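Residue numbers (this note's numbering), protein chains in the order written: chain A, 14 to 331; chain B, 868 to 1113.
Simulated from the structure, these hints should not be mistaken for laboratory data. Predicted model only: the values in this text are computed from it and were never measured. Some hints here could point you the wrong way.
Every beta carbon over 10 Å from chain A, so not counted as near; a handful from chain B, in silico [what the hints assert, rightly or not]:
#1 V901
#2 V905
#3 R920
#4 A922
#5 R962
#6 V967
#7 R979
#8 L985
#9 G997
#10 W1003
#11 L1085
#12 L1088
Computed Cβ-Cβ distance ranges for the label pairs, DEER-style [stated by the list, open to error]:
#13 B:E1023 x A:H299: 26 to 32 Å
#14 A:R290 x B:V953: 37 to 43 Å
#15 A:P233 x B:A922: 56 to 62 Å
#16 A:G110 x B:F1076: 53 to 59 Å
#17 A:T257 x B:R962: 54 to 60 Å
#18 A:A289 x B:R947: 57 to 63 Å
#19 B:T1100 x A:D24: 35 to 41 Å
#20 B:V930 x A:K181: 42 to 48 Å
#21 A:D24 x B:E1030: 18 to 24 Å
Going by beta-carbon spacing under 8 Å, a handful of chain A positions derived as facing chain B [claimed, not checked]:
#22 C22
#23 A50
#24 E87
#25 R88
#26 E157
#27 V159
#28 Q195
#29 D219
#30 G242
Ideal placement from N, C-alpha and C gives every residue a C-beta, glycine not left out.
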Amino acid sequence: MFVLAATGCLDPSAPGNLVPATADEDPRLPQVEVEVAGHRRALHVVTMGDPSAPALLLMHGTYSDARALLPLGERLSSAYYVVAWDQRGAGLSERIGADEFSLPSAVEEVDALADALALEGPLTLVGHSWGGGLAALYTARHPERVAQVVMLEPMPFDGQRMDERARKVFDFDYFNEVWNDQARFDILLAAADHEALDARAALTLDTGMSNYFCDRDAIPPWPTWRVGGYLEWARSRVLLDGRTFDYSFVDGIEAFTDPVLIVAGECGALGADFQARQAVAWPDAHVVEIAGVGHRLAIEDTDATFDALRGYLAEFEP
Amino acid sequence: MRRIAMIAALWLCPLGAARAEPLVAPSSERPAQVGVEVAAEPGLGLSVWGLGRVARWDRWGEVRVGGGWGFPVATVSDGRTFDAHVGASWRVLWRRRLGVATRLGAGVASARNARLDLVGLRLGLSVAPGWYAPHWFVAFGLGYAPTLSTHVAHREASRRAFEDRYPGGTGGEGPRDGWYRTPAHRLRAGVEAGGVIVGRVSLFGAAGFQSPVGGLNLVSLPDVGRLPFFVTTGIGVALGTRATTR
């Protein structure tokens, strides 16, 4: 049995074995090619709605891809041309090297995507968690290119706020079963290639290690094609300087004086209470709370999340 | 306090358990031993083991065979995460006390979570030159434990990641269940010791360093870090009648 196992084995790094193939590996996936940080990469893109309608970009968070935001995007597509894409290194988009991820390159990626799709006019940005931070970062860098901003429980806007929140957000429990499951990967399927690391990273979606939920014994699903394990490792090294977080998404945000919307759940460390405190970083931010949901509000209560956005977005005004 | 305990556990508890070869008995005078062991990995492990002598020579030492079964404490509830091993230990002495124990074993390690069922086939080889007195020993241990292959079975949550990725519906291949090649391995070096403390009861302990596993050497994402140490301790009870000669 040992001999059979050692000789007739599948390759964990082969596309589609452990995790789905990415756009560069599977031409059937809808995709565009962009050049960011000096590298040409294939982005997996899903568009919904009338291309002549105002463009709305859906920006997903960490340990995620665009898939979980698609139900919300479908609702928004009645009034907008919705563009949901897997950010470089995440989901079904091409993997990247560690040197390709930086905050400037994340902004560059949004511009490259808009150019590749020939999106005209100012953009409406809807971002969740890290995606909310990316929406803030993009708006701070290019206020003239942004029409409206909605952030769904955005991560802390700067390192100081993140340091203050980190202990509330990361509730590491040594006896957390999922953490132990990840640890056992070391003796079963070492993360020596991207695919095995992706498979391990996906376990994070099932963990209560982050204080994001109303009931940590009943964690809501978060549909995802692929968690980009290497991207998450690279991202953490960009945001962290040693043991403290060192970044800002809102330097220069005072140039954007239009109203922005922050939607937050009732539960969790990044909920409405925290968002109300960090909303002061913007000249004119409004916080709407959705009852009975946590950080995965877009899936936990898609209708309520859409209703909150409909009350803000211009194309839905009566 | 809970946080301090967790940090302490994390620093003290890298990959040490999932033993893939049998222990060395501290006493050669009795033919068999059974015991329990607490091994500190990223997950604390508990195991039960047994060891029985199959051969003994004046010049070529003794050979024992044994096996064990253990599980990580945190995952005991799922009933599908365990380690099991069988193997042999050959101990040769020179000048009655200076000697070397060579251990070879094979094992199975499993893990089950919401996305994957994993079963890995492992080998373990170690040598432990040291001082082996009649009722205690202290040795330097060097061990290598590769995982030959791991069977991966995707569960529903993992399969769903392959659906609806194409416009207009499902399609395409994957995921693939089967035996996967894996570079997972463990190399460790440390000090081990054991001794009879009273009557038939022995205590064991081992501590040392172990190698990075490979790749990014990440235990988890988010990365909470790891120090390359291991610690194990155990207790054994000797069975059978005392040998009349050494």
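Structure-based check of each hint:
no. : hint                         : verdict
1   : V901                         : holds, 25 Å
2   : V905                         : holds, 15 Å
3   : R920                         : holds, 26 Å
4   : A922                         : holds, 24 Å
5   : R962                         : holds, 38 Å
6   : V967                         : holds, 26 Å
7   : R979                         : violated, 8 Å
8   : L985                         : violated, 5 Å
9   : G997                         : holds, 26 Å
10  : W1003                        : holds, 30 Å
11  : L1085                        : violated, 6 Å
12  : L1088                        : violated, 4 Å
13  : B:E1023 x A:H299: 26 to 32 Å : violated, 40 Å
14  : A:R290 x B:V953: 37 to 43 Å  : violated, 59 Å
15  : A:P233 x B:A922: 56 to 62 Å  : holds, 59 Å
16  : A:G110 x B:F1076: 53 to 59 Å : violated, 30 Å
17  : A:T257 x B:R962: 54 to 60 Å  : holds, 58 Å
18  : A:A289 x B:R947: 57 to 63 Å  : violated, 44 Å
19  : B:T1100 x A:D24: 35 to 41 Å  : holds, 39 Å
20  : B:V930 x A:K181: 42 to 48 Å  : violated, 57 Å
21  : A:D24 x B:E1030: 18 to 24 Å  : holds, 23 Å
22  : C22                          : holds, 4 Å
23  : A50                          : violated, 20 Å
24  : E87                          : violated, 13 Å
25  : R88                          : violated, 17 Å
26  : E157                         : violated, 33 Å
27  : V159                         : violated, 28 Å
28  : Q195                         : holds, 4 Å
29  : D219                         : holds, 4 Å
30  : G242                         : holds, 6 Å
In this structure, the hints that do not hold are numbers 7, 8, 11, 12, 13, 14, 16, 18, 20, 23, 24, 25, 26, 27, in rising order.
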